[in-house]
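Here the structure of chain A is known, so what remains is to put chain B in place on it, guided by the hints.
Chains A and B are the protein sequences, given in the same order.
For the first sequence, numbering that gives the first Met the number 0 begins at 0 and goes up steadily by one.
For the second sequence, numbering that gives the first Met the number 0 begins at 0 and goes up steadily by one.
FYI, nobody ran anything at the bench for these hints, they're computed from the structure.
A few of these clues could be false.
Stated by the list, open to error - With a straight-line cut-off of 25 Å between C-alpha atoms, the simulated DMTMM-like cross-links for lysine to aspartate or glutamate are:
| id | chain 1 | residue 1 | chain 2 | residue 2 |
| --- | --- | --- | --- | --- |
| 1 | A | 544 | B | 45 |
| 2 | A | 365 | B | 351 |
| 3 | B | 365 | A | 218 |
| 4 | A | 365 | A | 506 |
| 5 | A | 544 | B | 139 |
| 6 | A | 536 | A | 504 |
| 7 | B | 536 | A | 526 |
| 8 | B | 536 | A | 520 |
| 9 | A | 536 | B | 351 |
| 10 | A | 536 | B | 529 |
| 11 | B | 494 | B | 458 |
| 12 | A | 544 | B | 351 |
| 13 | A | 536 | B | 526 |
| 14 | A | 365 | B | 354 |
| 15 | A | 536 | B | 45 |
| 16 | B | 3 | B | 258 |
| 17 | B | 80 | B | 2 |
| 18 | A | 536 | B | 135 |
| 19 | B | 544 | A | 46 |
| 20 | A | 536 | B | 46 |
| 21 | B | 536 | A | 139 |
| 22 | A | 150 | A | 218 |
| 23 | A | 244 | A | 45 |
| 24 | B | 544 | A | 35 |
| 25 | B | 365 | A | 351 |
| 26 | B | 150 | B | 226 |
| 27 | A | 536 | B | 139 |
| 28 | B | 544 | A | 374 |
| 29 | A | 3 | A | 458 |
| 30 | B | 536 | A | 46 |
| 31 | A | 263 | A | 22 |
| 32 | A | 544 | B | 46 |
| 33 | B | 536 | A | 135 |
| 34 | B | 536 | A | 45 |
| 35 | B | 365 | A | 354 |
| 36 | B | 544 | A | 361 |
| 37 | A | 365 | B | 46 |
| 38 | A | 536 | A | 369 |
| 39 | A | 365 | B | 45 |
| 40 | B | 244 | B | 177 |
Number of protein chains: 2
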Amino acid sequence: MSDKRYCLGLDFGTNSVRALIADAENGQTVAIAVAEYRRGERGVLEDRSNSHIARQHPADYYDGLVASVQQVVEAARSTAKFLPVDIIGIGIDTTGSTPIPVDEQGVPLAFDPRFEDNLDAMAWLWKDHSSIAEAERITELAQQHRPEYLKQCGGTYSAEWFFSKIWHCLNVASNVFEAAYSWVEFCDYVPALLTGTLQPDEMKRSICAAGHKAMYSEEWGGLPDADFLNLLDVRMGALRERLYKQAYASDVRAGDLSEEWAQKLGLPAGIPVAVGSLDAHYGAVGAGVREGTVVKIIGTSTCDITVAGAREGPPHIPGVCGVVQDSVLPGYYGIEAGQSAVGDIFNWWVTEICEGDSEQHEVLTKQASELAPGESGLLALDWNNGNRTILVDARLSGLLIGQTLQTTRAEVYRALIEATAFGGLTILVTCGGIAEKNPMLMQIYADVTGRRMELSRSEQTCALGAAIFGAVVAGEDRGGYATAEQAQEAMTGTKVTSYEPNAADHEVYQELYGLYRRLHDSFGVAEHSDCLYDVMKRLLEMKHKVSTQ
Amino acid sequence: MSDKRYCLGLDFGTNSVRALIADAENGQTVAIAVAEYRRGERGVLEDRSNSHIARQHPADYYDGLVASVQQVVEAARSTAKFLPVDIIGIGIDTTGSTPIPVDEQGVPLAFDPRFEDNLDAMAWLWKDHSSIAEAERITELAQQHRPEYLKQCGGTYSAEWFFSKIWHCLNVASNVFEAAYSWVEFCDYVPALLTGTLQPDEMKRSICAAGHKAMYSEEWGGLPDADFLNLLDVRMGALRERLYKQAYASDVRAGDLSEEWAQKLGLPAGIPVAVGSLDAHYGAVGAGVREGTVVKIIGTSTCDITVAGAREGPPHIPGVCGVVQDSVLPGYYGIEAGQSAVGDIFNWWVTEICEGDSEQHEVLTKQASELAPGESGLLALDWNNGNRTILVDARLSGLLIGQTLQTTRAEVYRALIEATAFGGLTILVTCGGIAEKNPMLMQIYADVTGRRMELSRSEQTCALGAAIFGAVVAGEDRGGYATAEQAQEAMTGTKVTSYEPNAADHEVYQELYGLYRRLHDSFGVAEHSDCLYDVMKRLLEMKHKVSTQ
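So here's chain A without its partners, still in its complex pose (with noise of 0.2 Å):
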């Protein structure tokens, strides 16, 4: 063993899974490998009769984990003195809620014989809007019975989340709700898998899936009760006995890394696991999230997080869309609000409109770059996936405003982008595959919000998130650290590189922001009435101005 020490980070995303191996030191990157999930549409199992469908393999993740983990040691072994031995931890963060139907061992039906082919027995993907009904009759019946199980998660209780899926599932395929033991949270099957800890009532699940998705608290004894669950259906009264009584927050192990996976793997076996989490939170951690920072992780979708201290009680905050102790750093309360698609948005735009590839994006992107604001005379809401921050509400859809018969491919992609910066103005952090990628949009960002825009000094925050935890279940003794706050006060920062805000441009913006609510409230806000006649032409005047200047 040398005197170096190493954290394993693993970040399962919508169409990927990222395997980071990160210095313990000082968080930099020694290697990183990708594998690309191969079912489907990059991962994902759609239905065309259905857009609200989204699905995934467990096979994938599995034939992923593997792959990407080879893959990373051996790069790490070809650049520097590592030795597979030296690493001290592993991390584990994935999408989510992105429920999985398993076995009583655990196992995902998936991958019995009888299911493989039933999208039903599937995992349900965090973007799956096929339980609409479901979250608001959960929503309803908690107004009525339980109104705290809402205040932790902004009032609305979404589609996207656990219990909304797992009783559709038992709506429209009561055969695989039947087959099932117990549902299963993709971050918390994985480290499962590795510590050879997959029976369900053994497993170790995430306090942050479980508080942010399935409205587990203390306060109330943890998951909802067997009454209120009897309200759905009596037999989601009764699922409630095998799913889980106990939630952990990510400095506690999951389990020590098993024989069996230690040789799939090529590492030494008994390397502690955390508890995993959710991507865009282990984003935040490794951004550098802490009191008074907003971390903004842009991707397919946006999620921005903060924490707030526990001592004053969980913050009430408009237009939050969750609040949950201990759910991105132990001991404060995790805040996190977010937008449904913002990437996905614009790789709509480029893949499915513009019949275009990464290319099209930099051509689009430069063209877009030599717009003025208000140039297009075009606006556009940002809800082609729904709206889970403010809105919470899935039943949206987007909208585009001002074209005329000369409105371009650019112009629109622009437009697109200007959206999402409007449908999110709180941010001071950013991290995200597209904020990298992408200066126009920081710029834009920063433009909107008026506010100085900076990016994680990690390219890779989440995997670097999970890499921080390694650290944390390692220990001190073995050379990692105390506290998440001590891991990330060694392994985070910002980069030098920052987009300051253009005066005159966000005047402009402001302008456009004010009519962009206007359309947010009058396609979104119930029984919110407008007269609405002054729209295009506000944006035909900006229009004209910006391009006569």
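Then chain B, alone, in the frame of chain A:
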């Protein structure tokens, strides 16, 4: 001279000129030729810094005239016992209001080397929208001082029309205005060119263009009086004397084909040429318009035309944008409504956004045909070029609502077609290029309106309408007709194929149309307030319902 009699119809469209030789006995096409305009973007001179600008160089008209007539005569010679001496009359229609600044001899300023590159000295194409401010001011002044002027043009004077454009030229390019002795409509220019009557005081002006676009009426002594025009600008008042005192219906001869032009075109001199008209109005004539029948001409834009007997005085119909005596058929009130962009919207989607060509139109049509009404969850407003009917407002723009991350090109294409169908619900007989080429569009129009759609027998109704007036000015003695009705009776008809509405689809479209009207009124009607919260939700419900049927 044989016993056959032929008429020549010339139809100057937005992108090309079409020449038709028709059998005067039955209206059958003998030969047809098309000459594309060569300058700018398919004949349209644009200014990227101001999307409102759309101009044309009169040289395109001149070149297109020579080329199309030479070609059609050659084609007629080769396919029948046709001889040029058997042409008994010539009729001409053009786009409009497309005013052209000319010198004292009636020669367009664009031919003067001083102005050859000056967009403001070109023909101001019908769809040029740069004169919005002037149109609004004319409307205001007429409301205050001459309300009668507005009655015959639907209550609002348009940015697309004669005086708005001339006044705007004065305001932005006074050197061009000062250099212009007079302004002539495109549809007056071509007959004058052919008959050697270019001199502005000699030229016979079209009552169709004068009445629908220039507030001309015998009721108030012709054009708006000088006192009124002085309210715009004293130089506008002074211009009145150099415009015209009298306008004529198309059963009047503009003159006879001059020796010079007879030689250029390969025709005998002396053939009578009818006073010109706007293309849509001749299209209605060529499709057999009569009392009780509305003709819809579907092209880059759409025009709905019908006629009403003159005995009861002018009819007052809300949403109609023009009622002018003798403008379609002499002895009747011509009634006009229409949509500012129809084919142009589909072309924008295919050309600008999808970067495709006519093949892409076919691909999208095929894919869109497979969709059921409501299945896409999309709804659009057809205002990419403003709104000409009911709202008469150029300061409107396009809107698309309901897009998800799965929305396809073909779904948007269909939504745009549906939007144009919603935009014009009162249709009985249809002609125009798009109607011929796209049975899906015809079926959607039938399903949206719940009415049977018939197609004009001729595929070139505008040119046929022009040929019909050629036969009228020829007169009975030369083998033509005494009246336009008699010529129509002999020379027009509808096709056997018609499109019947499907009851189930009509029902879905009635629901969609309800939502369309709410968006229409919300963005288009001053002081109209609505709560639009349910719109996206109802579209998603319809989509879900249709998808799961």
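Against the structure, the hints:
no. : hint          : verdict
1   : 544/A - 45/B  : holds (18 Å)
2   : 365/A - 351/B : holds (17 Å)
3   : 365/B - 218/A : violated (58 Å)
4   : 365/A - 506/A : holds (23 Å)
5   : 544/A - 139/B : holds (23 Å)
6   : 536/A - 504/A : holds (20 Å)
7   : 536/B - 526/A : holds (14 Å)
8   : 536/B - 520/A : holds (14 Å)
9   : 536/A - 351/B : holds (23 Å)
10  : 536/A - 529/B : holds (18 Å)
11  : 494/B - 458/B : holds (10 Å)
12  : 544/A - 351/B : holds (24 Å)
13  : 536/A - 526/B : holds (14 Å)
14  : 365/A - 354/B : holds (18 Å)
15  : 536/A - 45/B  : holds (22 Å)
16  : 3/B - 258/B   : holds (23 Å)
17  : 80/B - 2/B    : holds (10 Å)
18  : 536/A - 135/B : holds (13 Å)
19  : 544/B - 46/A  : holds (15 Å)
20  : 536/A - 46/B  : holds (20 Å)
21  : 536/B - 139/A : holds (18 Å)
22  : 150/A - 218/A : holds (12 Å)
23  : 244/A - 45/A  : violated (33 Å)
24  : 544/B - 35/A  : violated (35 Å)
25  : 365/B - 351/A : holds (17 Å)
26  : 150/B - 226/B : holds (19 Å)
27  : 536/A - 139/B : holds (18 Å)
28  : 544/B - 374/A : violated (39 Å)
29  : 3/A - 458/A   : holds (22 Å)
30  : 536/B - 46/A  : holds (21 Å)
31  : 263/A - 22/A  : holds (23 Å)
32  : 544/A - 46/B  : holds (15 Å)
33  : 536/B - 135/A : holds (13 Å)
34  : 536/B - 45/A  : holds (22 Å)
35  : 365/B - 354/A : holds (18 Å)
36  : 544/B - 361/A : violated (39 Å)
37  : 365/A - 46/B  : holds (21 Å)
38  : 536/A - 369/A : holds (24 Å)
39  : 365/A - 45/B  : holds (23 Å)
40  : 244/B - 177/B : holds (21 Å)
Violated hints for the displayed structure, listed by number in ascending order: 3, 23, 24, 28 and 36.
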